[in-house]
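Chemist: Chain residues, written in single-letter form:
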Amino acid sequence: MTLTQDVTAGAGAAPGKLTDLFQLGLDAPICLTWELTYACNLSCVHCLSSSGRRDPAELSTAECKQVIDTLERMQVFYVNIGGGEPTVRPDFWELVDYATAHHVGVKFSTNGVQITPSAAARLAASDYVDVQISLDGATPEVNDAVRGAGSYATAMRAMQNLHDAGFRGFKLSVVMTRQNIPQLDEFKAIADNYGAQLRLTRLRPSGRGADVWHELHPNAEQQRALYDWLVAHGEQVLTGDSFFHLSAYGSALPGLNLCGAGRVVCLIDPVGDVYACPFAIHENFLAGNVRAAGGFESVWRTSPLFASLRAPDTGGACRSCGFYDSCRGGCMAAKFFTGLPLDGPDPECVQGHGASALAAVSGSATPKPSVDHSHRKVPVTIGRRRPPDRGCDESPLAGFAAG
Amino acid sequence: MRPEPFGALLYHFGTRRLSFLKNQRVLTVVRSLADHPSARSACAAAGVTAAELPAYTRALSALADSNMISERTQV
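Chains as they are written, first to last, in my numbering: chain U, 136 to 538; chain L, 2 to 76.
Calculated directly from the structure, the hints in this document are not laboratory data.
Among these hints, one or two may not hold up.
Coverage of chain U stretches by chain L, computed from C-beta distances (three or more under 8 Å per stretch; other residues unrestricted) [to be verified]:
{"id": "1", "region": "208–218"}
{"id": "2", "region": "321–335"}
{"id": "3", "region": "450–461"}
Across the chosen pairs, the derived CB separations fall in these ranges [as the list claims (entries may be wrong)]:
{"id": "4", "chain 1": "U", "residue 1": "Ser261", "chain 2": "L", "residue 2": "Asn68", "range": "10 to 20 Å"}
{"id": "5", "chain 1": "L", "residue 1": "Asn24", "chain 2": "U", "residue 2": "Gly429", "range": "26 to 36 Å"}
{"id": "6", "chain 1": "L", "residue 1": "Glu72", "chain 2": "U", "residue 2": "Ala288", "range": "40 to 50 Å"}
Every residue gets a Cβ at the ideal spot worked out from N, C-alpha and C, and that includes glycine.
Isolated chain U (complex conformation) (with noise of 0.2 Å):
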């Protein structure tokens, strides 16, 4: 009998009984992810918030506060601040500081625009804030393809003022693509050379990501290469717990081996709405809103979505595969935006069993996001102006003679 157990070191600590006790929910999400803004200075092709233009209906620093006092009030232990790019909003830093007096940690995302020598020092000192730079290739070519021109050199920037801070173990946060996971050992010296700890996450079909998935989720070989990797690796490297669907492959990978949406995770997106996911911006995920009566925690204890996606599972597809305890049938999210059935296998399932599913899928059957605050792009013509068609083209007051 075990009385206690360490996620971090869950592997082989009966895994499977705690994943049951999480399958129907606590009292309170263990983390949450919250986006403070949609604004940001890049256009990531995989961004999962479809990310770009500040929303007009952005929580108030004075709402944010009124969430903050709500999770501390329910004891979550910390927020994972993201966006959309957290720190362009002018209250950053006050936010940060609130949470962390008011005893709820904060991990937040970045890509190292804001973090100059001075912010850098300043993150140093407190021990309730740990820093996610975001960087998705371990060579310009490979990062700047997915995450925009300059992005590389902006991340590799704010790791060197994390670390001549005195700034030891923040993240390195990677998501896996076909294109960079042969440069997992280049990321690990990446991330030792500047005193982070390497973390690996999933590309999800989320957001904009939807557009590229086809074109930049892992291939099967790279898939059990990634696994292999991470089963060398273990507890070096964190997953964010979010390869869960490839411990099908053998033992579990570290961490809870569950899909914890609705039950221990949920994301509070910028304008308050509250979704099951952070890969799940979608209104079929869409729990209520913290703007409400009652607030964030009215939304974690009631809502019927949230109480659905506690119940008891029972695999459906998937129950007759023998591999169903360790993979729980992988990602809804992956699931969902690919037009998989929810109660089926994952669309990268290691037994392959997502790939001759996603075959039958067509093309119009995927869910369109309902939420999308990308940079519009404007075309722009450069060169010889073409003459008006019409004098009335050029000035309303055409034609008309000055009387």
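Keeping the supplied structure of chain U fixed, place chain L upon it in accordance with the hints.
Modeler: For chain L alone, kept in the frame of chain U given last:
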């Protein structure tokens, strides 16, 4: 430390590690540690039998190893 229907969750801000107490009695033991001269006495007060004691010893050792609990400073 946050109580849950199955026991409790513990989070350490320094190490950023999360641990679980899997039943109510181990939660009672952990909560009462500060009021007892020894872990053994805290277990006894919570009704842990001699047969159960090894499991509780392992649980408390694991918590001590991950710095979730520590020896109190002598005053």
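Chemist: Does each hint fit the structure? Answer for all of them.
Modeler: Status of each hint after checking the structure:
Judged by the Cβ-Cβ criterion of 8 Å, the region 208–218 of chain U is covered by chain L as claimed, because 3 of its residues qualify and three suffice. Under a criterion of three residues with beta carbons nearer than 8 Å to beta carbons of chain L, the stated coverage of the region 321–335 of chain U fails, only 0 such residues being counted. Here's how the region 450–461 of chain U fares: 0 of its residues keep a CB closer than 8 Å to some CB of chain L, so the rule of at least three is not met and the hint is violated. Evaluation of the 10 to 20 Å hint for Ser261(U) and Asn68(L) yields a pass: the beta carbon distance comes to about 19 Å.
The hinted window of 26 to 36 Å between Asn24(L) and Gly429(U) holds, with their beta carbons roughly 31 Å apart. The hinted range of 40 to 50 Å is satisfied by Glu72(L) and Ala288(U), whose Cβ atoms lie roughly 48 Å apart.
In terms of the numbered hints stated before, the structure departs from hints 2 and 3, listed from lowest to highest.
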